[in-house]
Amino acid sequence: MADFDEELDASGLNCPLPILRAKKALTGMEAGKVLHIIATDPGSVKDFEAFAKQTGNELMESSEEGGKFHFLMKKT
Amino acid sequence: MEQKKLAIIATKGTLDWAYPPFILASTAAALGYEVQVFSTFYGLQLLKKDVSGLKVSPLGNPGMPMKMPFGPQWFKDINWNIPNIIQANVPGYESLATVLMKQTIANNGVASIAELRELCQEAEVKFIACQMTVELFGFDHSDFIDGIEYAGAAAFFEFAGESDICMYI
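Chains as they are written, first to last, in the numbering used here: chain Z, 1 to 76; chain X, 77 to 245.
Treat the hints as calculated values from the structure; they're not laboratory data.
Every value quoted in this text rests on a predicted model; they were computed, and no experiment measured them.
Keep in mind that the hints are not guaranteed to be accurate.
Straight line, CA to CA, 27 Å or less: simulated DSSO-like cross-link-like pairs of lysine-lysine [what the hints assert, rightly or not]: (1) Lys124(X) with Lys24(Z); (2) Lys53(Z) with Lys202(X); (3) Lys24(Z) with Lys143(X); (4) Lys80(X) with Lys33(Z); (5) Lys24(Z) with Lys202(X); (6) Lys178(X) with Lys24(Z); (7) Lys46(Z) with Lys33(Z).
Chain X stretches covered by chain Z per the calculated footprint, using a threshold of three residues with CB under 8 Å from any CB of chain Z [claimed, not checked]: (8) 105 to 117; (9) 167 to 173; (10) 178 to 188.
Even for Gly, the Cβ is constructed at its ideal location relative to N, Cα and C.
Just chain X, same shape as in the assembly:
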């Protein structure tokens, strides 16, 4: 049987949206897929050497529960309904939400982004950074992890055109 192929375009650069591409890429690789992840625009953040600065923003995201990752169960169960106007105006609100999210992630035995990315690299998932957006945002190749490639849309289609599954995240 020919090896199946998964092609992913990663376009988001927040902590929450960093998960789907890395989870799907690492899992597909474990299932025997050949995987390529093409990172463009904000998705380039996922290939930076240091991903510890990725943040999650609850602002304008009504689907995101705001629960505390510590304290007694009744306290953890409260969903804090913080109005947008406060989220937008309180300095450090996003950083606080990110700290709480990271604690929740750790509490639930969910891997960190750095760990998942390492597992992807071990499993030979190929990461490609969009050269156009690297230049557009004033990044340098030295900002990114080693072992990735730099290419454009045509290179993506060469692999995506032969892929069994292709997704845009």
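Looking at chain Z on its own, in the form it has when it is part of the complex:
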């Protein structure tokens, strides 16, 4: 996995909390910085794609490992 600057563990949280927490974390970050999000909600895969498309932030990576979903989101 590529480098990241901040991490958000949204494990155990369900829709829409992972998105809302990610939005909050990104708001406090500078442009160009990368947020690593960990989630267990299977719906978050499509949701983070849609979030990136609609907010203009870049979803650099989306993967699954051992029942956890990992996302790298670069703030633009």
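Chain Z is already provided as a structure; the job is to place chain X on it using the hints.
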């Protein structure tokens, strides 16, 4: 790009139906939408200072599974088919169903209504209470959370008419 707008009319005052307006409003705000929620009739319950009293009623709601949020998995998997006549006549049935629903919500990592509403307010979702129904039900402005507005149908259309998405819940 101009900011998108979401207008919601919230008309239901039960625990289950409190979720859609708050989930959609908070998510839209996170996506950069300007959001207004117009609460009318039973939807006013969503703006009360204390929302811990919201209940869910399984009575006359055949779509609602009745499962226990505790015990071994085989027990949790049982769908208790309780006849309407019992649901309607056993005192406290609705309160019991509400307690079980709240436990299920917590078990699944789903936010509470109070938490979602707070997130909406942080994200500057604008809440408008229908002044006519506030009076109709004998409520007072002091019953409701701070930072909301009181207005009527014309005020709703001013925003809804320019909205990209408008929904009635």
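In rising order, the numbers of the hints this structure does not comply with: Violated hints: 3, 9; rest satisfied.
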